[in-house]
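Here is how the chains run, residue by residue.
2 protein chains.
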Amino acid sequence: MPHQTVALTLAYEGTSFLGWQRQKEGRTVQATLEKALSQIFQRKIQAAGSARTDSGVHAEGQVASCRLPAALSLPALKKALNATLPEDLVVRSVRKVPKGFHARFSARAKSYRYTLLNQKTRPVFDRERVVHVPVPLNLKAMRTAARCFTGRHDFKAFQSSGSRASSSTRKLTRFSVISQGARIRIEAQGNGFLYHMVRRMVGLLIEVGKGRISPSTAADLLRGKPGPIAPTAPAKGLCLVRVHYPKEAL
Amino acid sequence: MPHQTVALTLAYEGTSFLGWQRQKEGRTVQATLEKALSQIFQRKIQAAGSARTDSGVHAEGQVASCRLPAALSLPALKKALNATLPEDLVVRSVRKVPKGFHARFSARAKSYRYTLLNQKTRPVFDRERVVHVPVPLNLKAMRTAARCFTGRHDFKAFQSSGSRASSSTRKLTRFSVISQGARIRIEAQGNGFLYHMVRRMVGLLIEVGKGRISPSTAADLLRGKPGPIAPTAPAKGLCLVRVHYPKEAL
Numbered sequence: 211m212p213h214q215t216v217a218l219t220l221a222y223e224g225t226s227f228l229g230w231q232r233q234k235e236g237r238t239v240q241a242t243l244e245k246a247l248s249q250i251f252q253r254k255i256q257a258a259g260s261a262r263t264d265s266g267v268h269a270e271g272q273v274a275s276c277r278l279p280a281a282l283s284l285p286a287l288k289k290a291l292n293a294t295l296p297e298d299l300v301v302r303s304v305r306k307v308p309k310g311f312h313a314r315f316s317a318r319a320k321s322y323r324y325t326l327l328n329q330k331t332r333p334v335f336d337r338e339r340v341v342h343v344p345v346p347l348n349l350k351a352m353r354t355a356a357r358c359f360t361g362r363h364d365f366k367a368f369q370s371s372g373s374r375a376s377s378s379t380r381k382l383t384r385f386s387v388i389s390q391g392a393r394i395r396i397e398a399q400g401n402g403f404l405y406h407m408v409r410r411m412v413g414l415l416i417e418v419g420k421g422r423i424s425p426s427t428a429a430d431l432l433r434g435k436p437g438p439i440a441p442t443a444p445a446k447g448l449c450l451v452r453v454h455y456p457k458e459a460l
Numbered sequence: 211m212p213h214q215t216v217a218l219t220l221a222y223e224g225t226s227f228l229g230w231q232r233q234k235e236g237r238t239v240q241a242t243l244e245k246a247l248s249q250i251f252q253r254k255i256q257a258a259g260s261a262r263t264d265s266g267v268h269a270e271g272q273v274a275s276c277r278l279p280a281a282l283s284l285p286a287l288k289k290a291l292n293a294t295l296p297e298d299l300v301v302r303s304v305r306k307v308p309k310g311f312h313a314r315f316s317a318r319a320k321s322y323r324y325t326l327l328n329q330k331t332r333p334v335f336d337r338e339r340v341v342h343v344p345v346p347l348n349l350k351a352m353r354t355a356a357r358c359f360t361g362r363h364d365f366k367a368f369q370s371s372g373s374r375a376s377s378s379t380r381k382l383t384r385f386s387v388i389s390q391g392a393r394i395r396i397e398a399q400g401n402g403f404l405y406h407m408v409r410r411m412v413g414l415l416i417e418v419g420k421g422r423i424s425p426s427t428a429a430d431l432l433r434g435k436p437g438p439i440a441p442t443a444p445a446k447g448l449c450l451v452r453v454h455y456p457k458e459a460l
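Line by line, the protein sequences are chains A and B. Mapping of the first sequence onto my numbering: position 164 corresponds to residue 374, and the numbering continues sequentially without gaps. Mapping of the second sequence onto my numbering: position 131 corresponds to residue 341, and the numbering continues sequentially without gaps.
Bear in mind the hints are in silico, worked out from the structure with no lab data behind them. Be aware that one or more of the hints could be misleading.
The list treats identical chains as one, so a pair stands whether inside a single copy or across any two.
Here are the simulated DSS-like cross-link-like pairs (lysine-lysine), alpha carbons at most 30 Å apart as the crow flies [unchecked claim]:
{"hint": "1", "residue 1": "K306", "residue 2": "K366"}
{"hint": "2", "residue 1": "K306", "residue 2": "K435"}
{"hint": "3", "residue 1": "K366", "residue 2": "K245"}
{"hint": "4", "residue 1": "K457", "residue 2": "K381"}
{"hint": "5", "residue 1": "K254", "residue 2": "K366"}
{"hint": "6", "residue 1": "K234", "residue 2": "K435"}
{"hint": "7", "residue 1": "K350", "residue 2": "K234"}
{"hint": "8", "residue 1": "K435", "residue 2": "K309"}
{"hint": "9", "residue 1": "K381", "residue 2": "K245"}
{"hint": "10", "residue 1": "K254", "residue 2": "K330"}
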């Protein structure tokens with residue numbers, strides 16, 4: 211049977227997943243997706259993800275690539291997948307891509323969003339998607355610290371051990387702090403992110419916002435100066451919004 | 211000890227509650243709130259709600275009234291309650307009200323919102339708060355049907371059996387169909403609502419939107435003409451947004 215390479219855009223609520231990557235035990239996005247694909251095509255199918263989101267991290271636009279028997283039209287495939295997948299995981303779009311396409315290696319950039327709720331009262335409806343900070347945050351200080359993150363830097367100070375990257379230099383094309391009512395959204399776009407990098411940058415920003423760490427610490431840490439270590443911000447505030455591919459890859 | 215009458219504004223995700231009203235068994239909002247209050251004040255405390263929201267119905271602005279020992283300041287009471295209540299129930303505000311205030315009997319009007327997601331792909335993040343309609347809805351027809359609901363009418367045809375109201379005449383000051391991207395919000399405001407009334411009106415609108423029922427049916431039903439019975443729309447799309455009180459009651 212002829213095969214085709216397909217890119218799936220996925221949204222999931224990370225709360226009940228142990229992250230993207232298949233593991234020996236436990237419910238993961240990759241294993242759940244592969245199981246649905248294998249069920250539909252009645253053979254073992256593997257899917258590659260653009261990023262290994264951590265346990266509790268959400269996605270609005272994760273991308274997975276896989277080689278599939280060309281037995282179903284793309285709309286039929288989408289329908290079959292969404293009828294098979296559990297309710298916290300959905301396929302938003304399906305497209306045919308060139309054979310060499312790989313969700314991770316073909317990616318040019320990724321966009322993440324981290325959401326804080328900065329008000330006294332705790333959240334109810336989106337309690338699994340925002341991180342509640344009940345004390346007032348100094349937005350101006352947070353923005354001052356955030357500004358230095360854009361550009362090409364060695365983000366060594368913002369990776370957690372367990373990172374397998376050979377270089378810790380990354381280029382961020384965007385790192386913005388947007389306030390909307392009580393909600394503070396931190397939007398990051400870059401050509402790659404180290405393990406825990408966004409969560410550690412946000413963790414620092416929260417401490418800066420609370421006035422516990424000086425905004426200049428961000429630049430110091432990027433320059434390799436030793437500095438205070440802020441707690442890694444919780445997973446549930448993070449969402450993989452979009453994966454960007456060069457036109458020629460698609 | 212001196213007592214005070216207090217009005218609490220509550221938000222809750224109705225998904226894991228068997229509705230507002232205390233029952234012999236099962237988790238309800240009223241019982242959960244009363245338990246927290248009784249724990250804080252170390253005595254049995256009862257709370258009256260403005261409306262008995264059904265199982266699965268949400269609230270952003272439910273109001274409960276209760277008589278409490280004046281042992282805590284209002285901010286301290288709010289803090290103690292939010293530290294005691296489970297994460298799907300929160301007190302948004304606490305205020306002292308005159309002794310005669312009653313969340314239900316003092317209410318002048320209520321506002322509800324019903325949310326539909328009208329797109330092919332099913333929702334993920336707010337799957338417990340919106341009702342997914344995958345086939346295209348005719349908004350114009352829905353609006354035509356919706357228009358006749360505003361004003362004073364006998365809503366007998368839109369109540370479910372089990373309603374205990376002596377009269378089925380109600381006055382709606384608002385009944386709007388608002389579209390925002392794939393989301394359709396139906397906003398209803400009135401001096402009172404019969405059992406299942408909003409959900410039955412929305413159920414009719416959905417059938418009208420699908421082209422299965424003529425928009426004029428709404429007016430016919432209000433005039434007492436027998437007509438097709440649309441399915442009651444699911445509870446999870448409904449949210450009690452606000453309860454309105456006359457100034458003198460507060």
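**Prompt:** Is it within a copy, between copies, both, or neither that the alpha carbon of K350 lies no farther than 30 Å from that of K234?
**Reply:** neither (45 Å within a copy, 53 Å between copies)
**Request:** Please work out whether the CA atoms of K306 and K366 approach to 30 Å or closer within one copy, between two copies, in both situations, or in neither?
**Result:** neither (37 Å within a copy, 54 Å between copies)
**Message:** At most 30 Å between alpha carbons: which applies to K234 and K435, within, between, both or neither?
**Reply:** neither (39 Å within a copy, 63 Å between copies)
**Asked** For the identical chains here, do K254 and K330 meet the 30 Å Cα criterion within one copy, between copies, both, or neither?
**Response** Answer is between: at 28 Å across copies they meet the 30 Å cutoff, but 50 Å inside does not.
**Prompt:** At most 30 Å between C-alpha atoms: does K435 with K309 qualify within a copy, between copies, both, or neither?
**Reply:** This pair counts as neither: shortest intra-copy Cα distance 45 Å, inter-copy 62 Å.
**Prompt:** 30 Å Cα cut-off: does K306 pair with K435 within a copy, between copies, both or neither?
**Reply:** Neither: 47 Å inside a copy, 54 Å across copies.
**Prompt:** Between the shortest in-copy and the shortest cross-copy C-alpha distance, which are at most 30 Å for K254 and K366: within, between, both, or neither?
**Reply:** neither (38 Å within a copy, 57 Å between copies)
**Message:** Regarding K366 and K245, is the shortest C-alpha distance of 30 Å or less found within a copy, between copies, in both, or in neither?
**Reply:** Answer is neither: 36 Å inside a copy and 50 Å across each miss the 30 Å cutoff.
**Asked** For the identical chains here, do K381 and K245 meet the 30 Å Cα criterion within one copy, between copies, both, or neither?
**Response** neither (35 Å within a copy, 53 Å between copies)
**Request:** Tell me, please, which holds for K457 and K381 at an alpha-carbon limit of 30 Å: within, between, both or neither?
**Result:** Within one copy only: 20 Å inside a chain, 57 Å across chains, cut-off 30 Å.
Of the numbered hints stated above, those contradicted by the structure are hints 1, 2, 3, 5, 6, 7, 8, 9, listed in ascending order.
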